[in-house]
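Now for the letters of each chain:
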Amino acid sequence: MPLSKRIIPCLDVDGGRVVKGVRFVEINDAGDPVEVARRYSEEGADEVVFLDITASSDDRETIVHVVEQVADQVFIPLTVGGGIRELADVRRMLNAGADKVAINTAAVNRPEFVREAAQHFGSQCIVVAVDAKQTESGCWEVFTHGGRRATGIDVVEWCRQMADSGAGEILLTSMDRDGTREGFDLALTRAVADAVPIPVIASGGVGDLNHLVAGVRDGGADAVLAASIFHFGEYTIDAAKQAMAQAGLTVRER
Amino acid sequence: MTVAIIDYGMGNVRSVARALEHVGAMKVLITDNLAELREADRLVFPGQGAIASCFSHIRDHGLAEELGNLLRSKPVLGICLGLQALFDFSEEDGGVAGLGLIPGRVERFPAGMIDGGERAKIPQMGWNRVTQHSAHPLWHGIPDAAWFYFVHSYYASAADDNNRSGICQYGDVEFTAAAARENIFAVQFHPEKSHRDGLQLLRNFLSWDGT
Chain P
1 MPLSKRIIPC
11 LDVDGGRVVK
21 GVRFVEINDA
31 GDPVEVARRY
41 SEEGADEVVF
51 LDITASSDDR
61 ETIVHVVEQV
71 ADQVFIPLTV
81 GGGIRELADV
91 RRMLNAGADK
101 VAINTAAVNR
111 PEFVREAAQH
121 FGSQCIVVAV
131 DAKQTESGCW
141 EVFTHGGRRA
151 TGIDVVEWCR
161 QMADSGAGEI
171 LLTSMDRDGT
181 REGFDLALTR
191 AVADAVPIPV
201 IASGGVGDLN
211 HLVAGVRDGG
221 ADAVLAASIF
231 HFGEYTIDAA
241 KQAMAQAGLT
251 VRER
Chain W
1 MTVAIIDYGM
11 GNVRSVARAL
21 EHVGAMKVLI
31 TDNLAELREA
41 DRLVFPGQGA
51 IASCFSHIRD
61 HGLAEELGNL
71 LRSKPVLGIC
81 LGLQALFDFS
91 EEDGGVAGLG
101 LIPGRVERFP
111 AGMIDGGERA
121 KIPQMGWNRV
131 TQHSAHPLWH
141 GIPDAAWFYF
151 VHSYYASAAD
161 DNNRSGICQY
171 GDVEFTAAAA
181 RENIFAVQFH
191 PEKSHRDGLQ
201 LLRNFLSWDG
211 T
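First to last, the protein sequences are chains P and W.
Sequential numbering from 1 applies to the first sequence in our numbering.
Sequential numbering from 1 applies to the second sequence in our numbering.
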C-alpha cells in the first residue's frame, strides 16, 4: 500500500478573506478562511495552504489570527506562506497553529535563512516556495515578488540547493500557467521532481481534474495544489480524488 | 481529568493540546513541571526533530532522571519522535540509546526505495494506511487500514510482535506505526493532524485506563 498522493486546496488570503488572483491581477472574494478550510477538510482535503498575499504591505497580524482560528477547528496539516522573512516569523506562525511555513522571496534574498529555519524548527515544517517562469532557452528561472522580479537563478539548480539546505518540501508554481487553467507545466514539474530527494507540490494552471492526474502521473509530483477549481464549487475534493483513483493513483479516501 | 503534554521544548505541541480539547479533554497542561506531570491523569509524550537534541532537551528541562518512572506510571500516548524515543536504540545522529521501554530499534528509511512506482521521497510526508496488527482500546471506532498523517525519515521496528499494534508500509519497509506495551501506546503518525480517525484515537486515549 503506497503513500497517498495529496490534494491541497490553496487559499489566498487578503485582509482575513479568501481570494484568488487570476495571474495575480484580478481578484475575486471567495469566502471566510475558517469556513472554507473546514469545508475542505470535511470533503477530504489532505492539507490546506494559506498564502498571505498582502503580507508585504498590510497588517501582518491578521493572518496570525486567521491561522489561530483555523487551527482550533481544522485537524489536517496547515501550511502558511507570504511574508516569512525571519526566524521570528516562522516561530509566530508555528505558535499560531501552522504545521509548516512556505518561504519564498526571503530564501532568494538570503539562502542561509532556509538552513537556519530547518535547524531551528526541523525540516518537516520548512517548505520552500518557488515561482518559475520558462526562459527562451527552455530552462526555468526563479521569480520573486509574486512573479514580478526575475532573479537569474535556474529553478532546478535552486531546488537542489534548497533541499541540501534542509527544506522539507518544494512548492513549485509555474508563473506561466498560474491562472490560465491550461494545466501544470509538466516538464517543469518532472524536472524538479526528478532532481530533488524531497516531496514536490505542483502548482499553477489547474483547470480540470485531468490536470491533477497529469501532475502526479506525468509530472511526478507528490502532491497537487489548486485553488479556483475548488473555491467556486466547480469540482469537489471528492471528485478530484475519484478522478485520481480511476487513473490508478493512490489517494486517501474519506 | 488532567492530561499533561510533556513540554521539553521540541516542536509545536499546541496542536496536540487543541485537538485534545476539541475531543473533550477538560484540562490540558503543556508543562515540564515534575509535580504537575506526576499529578496528571494521563501523559502525552510528543516530539519532532532529531533524537539527540530531543534527549539533550529532556536533560536541559531536568526530566532525564524521572522520565522513565513517569512513563511507567499512568496512561501514556507517545507521538512521532515520542514513539521513537521509547525504543532501545536509534541509529540517528550516529547512534543514540533510547529509553528502552519498548524493545526494538529505530533506523533510517534506505535511499533508493520505490513506492507506488516512483522513487520514494524521504521524509515520508503524507497520508498512509495503518493496519491494526493487534486489538487495542485506542483503535476503538477506527476502521482497519485507516489513513493517518506521517512526517518522518526514521522508523521503528518493535522486536516483540506483541508490541506491534499498528503496521504501515513505505517503499519496501514495513514498520511499527503504533506500539503498545502495558500503559503505553505510541504512534509514529500525528493523530492531531489526521482528521476524523486521528481525533477518534485521541478520544479513545482520554477514556483509556492504561490496561
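Calculated directly from the structure, the hints in this document are not laboratory data.
Accuracy of the hints is not assured; some may be wrong.
To be verified - Which chain W residues face chain P? A few, computed with CB under 7 Å, are given here:
#1 Gln-48
#2 Gly-49
#3 Ser-53
#4 Gly-68
#5 Leu-70
#6 Arg-72
#7 Lys-74
#8 Asp-115
#9 Gly-116
#10 Trp-147
#11 Val-151
#12 Arg-181
#13 Lys-193
#14 His-195
#15 Gln-200
Values in this document were obtained by computation on a predicted structure and should not be read as measured data.
Glycine included, C-beta positions come from ideal geometry on N, C-alpha and C.
For each hint, the structure was consulted:
| no. | hint | result |
| --- | --- | --- |
| 1 | Gln-48 | 5 Å, holds |
| 2 | Gly-49 | 4 Å, holds |
| 3 | Ser-53 | 10 Å, violated |
| 4 | Gly-68 | 25 Å, violated |
| 5 | Leu-70 | 24 Å, violated |
| 6 | Arg-72 | 28 Å, violated |
| 7 | Lys-74 | 25 Å, violated |
| 8 | Asp-115 | 5 Å, holds |
| 9 | Gly-116 | 3 Å, holds |
| 10 | Trp-147 | 4 Å, holds |
| 11 | Val-151 | 5 Å, holds |
| 12 | Arg-181 | 25 Å, violated |
| 13 | Lys-193 | 5 Å, holds |
| 14 | His-195 | 5 Å, holds |
| 15 | Gln-200 | 11 Å, violated |
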